[in-house]
Amino acid sequence: MTTSSSVTPRPAGTGSMPGHAPAGTGTARARRLLVCGVVAGPLWVVSVAVQALTRPGFSLTRSPASTLDLGPWGWVQVATFIVTGVLITAAGAGMRRGVPDGLGHRWIPRLLAVIGAGTIGGGLFHPDPAGGYPPGTPAGAGAVASWHGMLHAVCGTTAFIAMVAVCLVFARRFAARGRRGLAACSRIAAVLVAAGAATASAPHGSLNLYAGVSIAFLWIAAAITWILTAARPALPAVSDAPAVAGR
Numbered sequence: 064m065t066t067s068s069s070v071t072p073r074p075a076g077t078g079s080m081p082g083h084a085p086a087g088t089g090t091a092r093a094r095r096l097l098v099c100g101v102v103a104g105p106l107w108v109v110s111v112a113v114q115a116l117t118r119p120g121f122s123l124t125r126s127p128a129s130t131l132d133l134g135p136w137g138w139v140q141v142a143t144f145i146v147t148g149v150l151i152t153a154a155g156a157g158m159r160r161g162v163p164d165g166l167g168h169r170w171i172p173r174l175l176a177v178i179g180a181g182t183i184g185g186g187l188f189h190p191d192p193a194g195g196y197p198p199g200t201p202a203g204a205g206a207v208a209s210w211h212g213m214l215h216a217v218c219g220t221t222a223f224i225a226m227v228a229v230c231l232v233f234a235r236r237f238a239a240r241g242r243r244g245l246a247a248c249s250r251i252a253a254v255l256v257a258a259g260a261a262t263a264s265a266p267h268g269s270l271n272l273y274a275g276v277s278i279a280f281l282w283i284a285a286a287i288t289w290i291l292t293a294a295r296p297a298l299p300a301v302s303d304a305p306a307v308a309g310r
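The numbering of the sequence shown is the working numbering, which starts it at 64 and goes up by one.
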């Protein structure tokens with residue numbers, strides 16, 4: 064009688080030290096949802112940049128990116144806000160499903176959901192004209208004068224605060240795993256988005272705000288990409304024990 068070699072499958076996610084590779088992100092549904100977060104940031108950044116360069120009368124040095132909601136082509140920015148918000152919200156659901164443990168495993172999904180809701184709100188509630196846009200708007204205009212402009216401002220401010228917070232939570236998560244470089248980048252992203260929001264009313268402040276928000280969105284995409292990469296399922300472990308021949 065011969066006993067065959069032992070083959071012991073190893074559950075996905077156990078190929079690294081406990082708590083270092085988030086178990087569960089290998090599931091197809093969780094990974095698809097997380098990929099939404101990888102796409103969201105670049106989509107928003109590129110869409111706003113293209114519109115800023117092609118929209119007559121618009122300049123990021125004078126007008127906030129959100130005023131692209133206005134005018135005949137405003138639907139493009141409305142769609143950008145809503146689609147980006149939906150994708151970020153989906154990424155939060157993916158984090159909740161696929162990253163069940165470790166620092167930030169509760170707060171990162173919550174904060175991503177807040178960012179998503181705020182971004183969607185930015186599309187649903189139009190800002191008031193500002194900074195000379197749409198064409199014909201006084202250059203000094205910028206005060207919130209309508210209910211939808213006020214709601215747009217509330218949604219935007221809420222999203223900015225959540226962006227700062229999620230970058231700081233990512234920093235703690237990376238630091239706990241010994242990823243000091245990634246933790247430092249997360250802290251820098253938090254500082255830059257906070258600075259962009261704080262200086263939004265300064266000269267050329269709309270450009271500062273766009274830069275800060277872009278950095279936050281892109282860093283969220285990069286952080287989620289790292290989580291996806293770190294969570295690749297391990298290959299099954301095959302025992303090295305030789306076959307034992309019986310008499």
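Hints may contain errors.
[Claimed, not checked] Cβ pair distances, simulated, as ranges: (1) R243 - L116: 18 to 24 Å; (2) R243 - W136: 40 to 46 Å; (3) A293 - L116: 22 to 28 Å; (4) A91 - G199: 17 to 23 Å; (5) P119 - D164: 20 to 26 Å; (6) M213 - R95: 33 to 39 Å.
Honestly, the hints are just simulated from the structure, not real lab data.
The beta carbon of each residue, even a glycine, is placed where N, CA and C say it ideally should be.
Hint check results:
For R243 and L116, the hinted distance range of 18 to 24 Å is not satisfied, since their beta carbons lie about 37 Å from each other. Range check, R243 to W136: about 44 Å between beta-carbon atoms, so the 40 to 46 Å window is met. The supplied range of 22 to 28 Å is broken by A293 and L116, whose beta-carbon atoms lie about 36 Å from each other. Checked against the given bound of 17 to 23 Å, the beta carbons of A91 and G199, roughly 51 Å apart, lie outside it.
Restraint check, P119 to D164: a C-beta distance of roughly 51 Å breaks the suggested window 20 to 26 Å. Taking 33 to 39 Å as the suggested C-beta distance range, the pair M213 and R95 conforms, at roughly 36 Å.
The structure does not agree with the numbered hints 1, 3, 4 and 5 stated previously, though it agrees with the rest.
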